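Asks: Chain residues, written in single-letter form:
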Amino acid sequence: MHRDTERHKLFTRRALMLAGGKSVLMAALIGRMYYLQVIEADRYRTLADENRINLRLLAPRRGRIVDRFGLPVADNQQNYRVLLISENTRDTEYTLDVLAQIISISPAERRRTIRGIKRNRSFVPVTIRENLGWQEVSRIEVNAPDLPGIFIDVGQSRSYLYGADTAHVLGYVAAVSAKELTGDPLLELPGFRIGKAGIEKVHDKALRGSSGSSQVEVNAFGRVIRELSRNEGQPGAEVAVTLDLGLQRTISKRLEGKSASVVVIDVRTGDILSMVSTPGYDPNAFNRGLKTAEWKSLTSNPMSPLINKSIAGRYPPASTFKMVVLLAALEKGVITPSTKFFCNGHIELGGSKFHCWKKHGHGTVDAKMAITQSCDVYFYEIAKRTGIDRISAMANRLGLGVKTGIDLPGEKTGLIPTKKWKRGALDLPWHQGETLHAGIGQGYVLATPLQLAVMTAHIANGGISITPRLTKFVNKQVADKKNDPALLQKSLGINKAHMTLVQESMSEVVNNRVIGTAKRSRIKELGMEMAGKTGTAQVRRISKVERDRGVIKNKDLPWKERDHALFVGFAPIHDPRYAIAVVVEHGGAGSSVAAPIAHDVLVAAQRRNSIGTSADTNDKNQRQHSVGINKTIESL
Amino acid sequence: MSRNAFNTPDLTVGQKLLHIHWLFVILLCLTASIGLSMLYSAANGNLDPWASRQFARFCVGIIVMLAIALINIQIWMRYAYLFYLITLGLLVIVEVAGNVGMGAQRWLSFGYFNLQPSELMKISLVLSLARYFHGASIDDVGRPTHLIVPLLMIALPSALVLRQPDLGTTLLLVMASGAIFFTAGVRMWKFGVFFVATIGAMPVGWQFLHEYQKLRVLTFLNPESDPLGSGYHIIQSKIALGSGGVFGKGFMQGTQGHLRFLPEMQTDFIFTMLAEEFGMMGGVGLLALYGLILVYGFAMTLRSRNQFGRLVGAGITTTFFLYVFINIAMVMGLIPVVGVPLPLISYGGTAMMTLLIGFGLLLSVWVHRDIMISRLGSNEV
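Chains as they are written, first to last, in our numbering: chain A, 1 to 636; chain B, 1001 to 1381.
It is possible that some hints are incorrect.
Claimed, not checked - With a straight-line cut-off of 20 Å between C-alpha atoms, the simulated EDC-like cross-links for lysine to aspartate or glutamate are: (1) Lys9/A with Asp1370/B; (2) Lys201/A with Asp75/A; (3) Lys196/A with Glu256/A; (4) Lys9/A with Glu1095/B; (5) Lys253/A with Glu504/A; (6) Lys196/A with Glu238/A; (7) Lys384/A with Glu411/A; (8) Lys9/A with Asp1139/B.
Derived from the structure by calculation, the hints contain no laboratory data. The structure presented is a predicted model; accordingly, all values stated were derived computationally and were not measured.
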C-alpha cells in the first residue's frame, strides 16, 4: 500500500511535468498561429489572391483604315472557329464523327484536335477548324443539340479588302516576332498581330488601341470559376488615308503586267491620291502566315513585288529633270527665256561627243522649244553654264535628293550629285562632262517616283512648298496639326515668271500637236487638259560602234537592259490640282509608254473628282463646272 | 468508505453508465461535429462524400467507446499482453501480405473494412507497457535490466512499422511509450542518455530513410526550394492559414480550400481549412476544445487508484496530444510533413477508431477508478 502511494505521488509529479510540457507545446502552436494569421496575414492574403485571381488580357479591336471618302480598305473580318471542350462531350471521337458529317474536317485537323485534347485539361477549348463559312456556321448551330461540347467562337482577323491594289501603302500585319517584344503583355497574346509595313506600321499604336482586361477567379488547375471584373479597353482608332480608292484601283488595273509606279498628288495639300507600285502582293497572306514557297516566289521575282517602287525605287529622271535645269539656269541668269542655241545633234566637250536624242538635231531652239522637243543639246549648253552645284540646289528646293517626309517607312533619298558629294563619296574630282549628263537627268542623278511627283506638284502650284502625306485623319482628327498642309503656304522662292514659263513649256509638250513629244497623249476633254514632260532613262552605255551602226531598239533588248519610261505631269492646266509621276521600269520610251498612262490616270482622276469633298466653295464650283464639261463631252 | 461500495467490479451496467464522464463524451461529440461541418464545407456544401460517412463512423465509434468503458479495467489488464502479441502478429502479416497504399504497406483487407494493425498497436502497446510497469516496483523501475523487456516491446513494433514505411506512426509509438516510461518513474538521466543516443544515431538513421522521407525533411527545412513540387503542400497550407487572418473568410468561403490549392483538405490539412474559414479565432477555439479534452483526460487519469489505469490514461492522453500537436504543427510548417490526421476532425475511419477505443479505455479507467489492483494483478480491496 505504502509503496503504491509513493508510486502514485511519483506518477502525479511526473504527469504534471508532462502536462506542463504539453502546455508549452500548445502555446507554441498558438504562437505560430498568431505569427501566420496576424503578423504575416497581409502577405499571405496577397499570395492567396495571386493564387486565385488571373488577369486575362482582352485584345482590342484593331482600327479600320478608310480612304479619303471613308470607304473601308482594311477591316477586321469575323473569323468563325469551331471549338470543342472535351469534358462536355460524352465521347470525343463520336462527337467528331458527327461533326465530320456536317462540315468537312481533314484528317490533319482531326489529328491536331485529338492531340490538343490530350495535351490540355478537359475544360480547355480546343480549336477544330478556323475560318468557317457562313453556311458551315449555320449548319453547326442547327445541329447544336447533337453536338455537346462543340461551340462556335468569333475571332477577329485583319482583312485587306483590295489586296495587292493597296498593299504597298497600307502594309500588312503579322505575328509579333521575338525582337519586337517590348514587355507590353498585349504583344504576347497568342495570335496578336502588329503592323509590319506601310500605314499599318506608321500608325500601329493608334490602330492597336489599348488592351482591356478581365479578372477571373481560377482554381488550382486553372479552370475559370467566375469573372470578378472586366475592363473592355479601347478599340483602335480609325485611320483615314488620303488615297482615292477608286483611282488607286483604276491605276493598279492599268499597270497590270508592268513593273511600274504611279503617284498622284494634290498639288495644293500634298495629299497622295494614289500611290501604286506593281506588281503587288497579297497582304492577307502575311496575316495568315506565308508558306516558304510563297515567300520564295515573292523574293525571287525580278520585278520585286515586295518593294514599294514609289518611295524606294530610284531611277534616273532623264528628261523629266530638264525643268530643274532650266529653272536653275534662269535663276542664275546665264540665259533668258529667249536665249537660243543651235542643235546639230551633238555637242563636243574635251574631245568627247555628247549626243542629242535626235540624231540630226533640232536646229535653233529657245527654252520653250527645248522643253517641248526635249532637246538634249540645249540642256547640255545651259547645264555647262549653270554648273552642277546650282542645278543641285534647285533640285533640292523642288524636292529631289532629299526625303519628301512622307508618312511611310522606307523612303529613299535618291541622289542629286554635287562636287562635294563626289569628292566625299568617290574621292574623285568633278568633271564638266558629268554636269552635262546631269543636265539631261542621267549620270549620277537618281530620284524616286514620289520625289518626281512632288517636284511636279511644286511646279504646278507655282512654287508653294508641300509635304506629301498619306494620313488624312487619325480617329477623325487631323493627325499632325502643325504640318497640316492646308495651313502651310510656304513659298519655295522661285521666280513666278520662270515658273509660268516652265508650266507653259510643259503644256506645249502635250498640247503642241506638231512637235510636242507627248502630243499623242493629249487630253482632249475641255477643262481637263494636262501638261507634262516625258523622260526615257537609259540604263546601259551605248558604245560608239553601236551608235554608228544604229542604236538597238528596246524591243530587241533583254528586259533588264531596256530603257525606263517616265512621265511627269499635272492637270488641269487652267487651275492645276493633280500632279502625277509615272515610271515604267524597262518600259521603253516615255512618250509612248508612260505618257498614255498619265493621260488615262489624269482623266480618271478628274472625272472622279478625286479631291472632291473640300469645304472650299471654289472647289465646289469648280467641281460642278468640270462635271458640266464632262456631260457635254459625253453628249458629244 | 461508501465510495468503495460503489466502485467494486460488481457494479451493474446501469450504475456504470451513470459513472461515465458524460461531460468528456460531450466534448468529444462537439469536436466531432466541428469536424463534420468542415467536411461539409470541404465538399462545397455537400454531405456526400465525406460528412455523412464520417458521421456513421463516429456513431459506431462512440458505441464501441462506451462498450469498452463499461468493461472492467482488470479484464483489459489481464489480456494486455495477449492483445499486444496478436497485434504484433498482425503487423508481421502486413509485412508479408499487406495491401500497398500510397507507396506504403499498411493495410489488411477484411472485405468490409481495412485493418491497419499499426493503428491498433498504438493501443496495444500502451496497454502492455502499462501492465508491465504496473507490475514493477519503484526499485524495479530504477534497475536498467528491468527496462530491457519494455524497450523490446517498443522496438519490435516500431521496427515493423518503420519498414512499412510509416515514420509518423513510429514516432507516435515511441513518444507515447516515452510518456509511459516517464510517468512510471524511469530516471531522468536515462531519458538524457536516450536523447543523446538518438541525436548520435541520426546521421546513421538518415541512410535508412526512404527517398520521399528524406525529401519531406529537406522540404521542411526549405519549402520554397521547390514551390511547385514537394514544397507545394506546405506553402499553400501556410498561405491558406495566413490569409484567413484573425476572423477568417467565413464558412465555405475559403478560397485556398475551395479552389483546390490546398491538397488533402478533407484529411491531413483540414485544420488549415478551418483556420482559413474561421481565422485564428476558429483555430484557437479548436485548440481550446482539445485542451479541455486533455485536461479532463488528465484529471481522470490522476484520480485512478491503480497504477495500470494511471499509466493507460497517461499513454492515451499523450497519444491524443501527439496527434493534435503533430498535425497542427505540420500544417503550420513547424515540423516536416508527416501523415498524421487531426483527431476527431479529419476524414478517415482508422484514426478515429483508434482514438475512440483509447478514450473508451480512458473512460474505463475513470469508471473503475477506485479499484485497487496489486502488483501481481489481484484485487487489493
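Asks: Now tell me, hint by hint, if it's right for this structure.
Replies: Hint check:
no.: 1; hint: Lys9/A with Asp1370/B; verdict: holds, 16 Å
no.: 2; hint: Lys201/A with Asp75/A; verdict: holds, 15 Å
no.: 3; hint: Lys196/A with Glu256/A; verdict: violated, 25 Å
no.: 4; hint: Lys9/A with Glu1095/B; verdict: violated, 42 Å
no.: 5; hint: Lys253/A with Glu504/A; verdict: violated, 31 Å
no.: 6; hint: Lys196/A with Glu238/A; verdict: holds, 17 Å
no.: 7; hint: Lys384/A with Glu411/A; verdict: violated, 31 Å
no.: 8; hint: Lys9/A with Asp1139/B; verdict: holds, 15 Å
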